[in-house]
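Participant: Work the whole structure out from these sequences, hints included.
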Amino acid sequence: MGGEVDLTRPEERRKVHMFGADGVVVLGVPVYYGRVPAVPGLLDGLQGEETPAVLLAVYGNRLIDDALAELSDLCAARGFRPLAAGAFVAPHTFSAKVAMGRPNAGDLAAAAELGRRAAEKLSGPWCAPELPGNRPYRSFQRAPFYPVGDDTCTRCGCCVGACPVEAIHPAAPRATDGEKCIRCLACVRACPAGSRRVEGPAFAATAAHLEEALTKEDKPPELYL
Numbered sequence: 001m002g003g004e005v006d007l008t009r010p011e012e013r014r015k016v017h018m019f020g021a022d023g024v025v026v027l028g029v030p031v032y033y034g035r036v037p038a039v040p041g042l043l044d045g046l047q048g049e050e051t052p053a054v055l056l057a058v059y060g061n062r063l064i065d066d067a068l069a070e071l072s073d074l075c076a077a078r079g080f081r082p083l084a085a086g087a088f089v090a091p092h093t094f095s096a097k098v099a100m101g102r103p104n105a106g107d108l109a110a111a112a113e114l115g116r117r118a119a120e121k122l123s124g125p126w127c128a129p130e131l132p133g134n135r136p137y138r139s140f141q142r143a144p145f146y147p148v149g150d151d152t153c154t155r156c157g158c159c160v161g162a163c164p165v166e167a168i169h170p171a172a173p174r175a176t177d178g179e180k181c182i183r184c185l186a187c188v189r190a191c192p193a194g195s196r197r198v199e200g201p202a203f204a205a206t207a208a209h210l211e212e213a214l215t216k217e218d219k220p221p222e223l224y225l
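Under UniProt numbering, the sequence shown is numbered contiguously, ending at residue 225.
Incorrect hints may appear among the rest.
Unchecked claim - Dumping the calculated SDA-like pairs for lysine to any residue here, alpha-carbon to alpha-carbon at most 25 Å:
(1) Lys219 / Cys156
(2) Lys180 / Tyr146
(3) Lys180 / Cys156
(4) Lys97 / Ala186
Simulated from the structure, these hints should not be mistaken for lab results.
Facilitator: Here is the structure:
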């Protein structure tokens, strides 16, 4: 029987999740600034025993850069053996106009193909796939903006529950801890009142640049086996 571990939840990351050699783990992460998200202890609760792993990186139609290489290294350090990997496109966090409509039917078909070919590979002797990326990884660059709430905030707590890094305190839900915040904008999407948003010239310029640079070509899924 399979199961799911939601690593966006801090309480799940604090638990220990063991996986044996007779199973397969599918591990997916978003790509932030060409890297695995800078969440302290992101995979610390996962422990494999030479467990085969299918690695997935989801990015906003720019580049995956070093994300799959980094994810592979993190998994290997936790007792997992990378079996296969895929890079898939989804709308960019900073602009829904980038990669609008993704994932589409073609993306889902590619994901199914990755699963089928990974299962075939597992039926005999196998080695880890060659993945794109550099070591050392590219430097992590955090955006100079982050979401906050305005005076229409009802203090419902939806943003507090949605934040994967506990950057919003329940007693002060309009504020955001900019050092903890990973700029995922989950709080913005979760806010039923539309109180949370990112504003200012830096964000507007970034969104405009992404829309100009990343809407000319829809990048296809990439499979690594």
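Participant: Is Lys180 close enough to Cys156, meaning Cα to Cα at most 25 Å?
Facilitator: holds, 21 Å
Participant: Does Lys97 pair with Ala186 here, judged by a C-alpha cut-off of 25 Å?
Facilitator: holds, 17 Å
Participant: Next pair to validate is Lys219 with Cys156; report whether the Cα-Cα distance is within 25 Å.
Facilitator: Violated - the C-alpha atoms of Cys156 and Lys219 are around 38 Å apart, more than 25 Å.
Participant: Does Tyr146 lie within 25 Å of Lys180 when you go C-alpha to C-alpha?
Facilitator: Distance ~10 Å between Lys180 and Tyr146 Cα, so the pair holds.
Hint 1 from the earlier list is the only one contradicted by this structure; the remaining hints agree with it.
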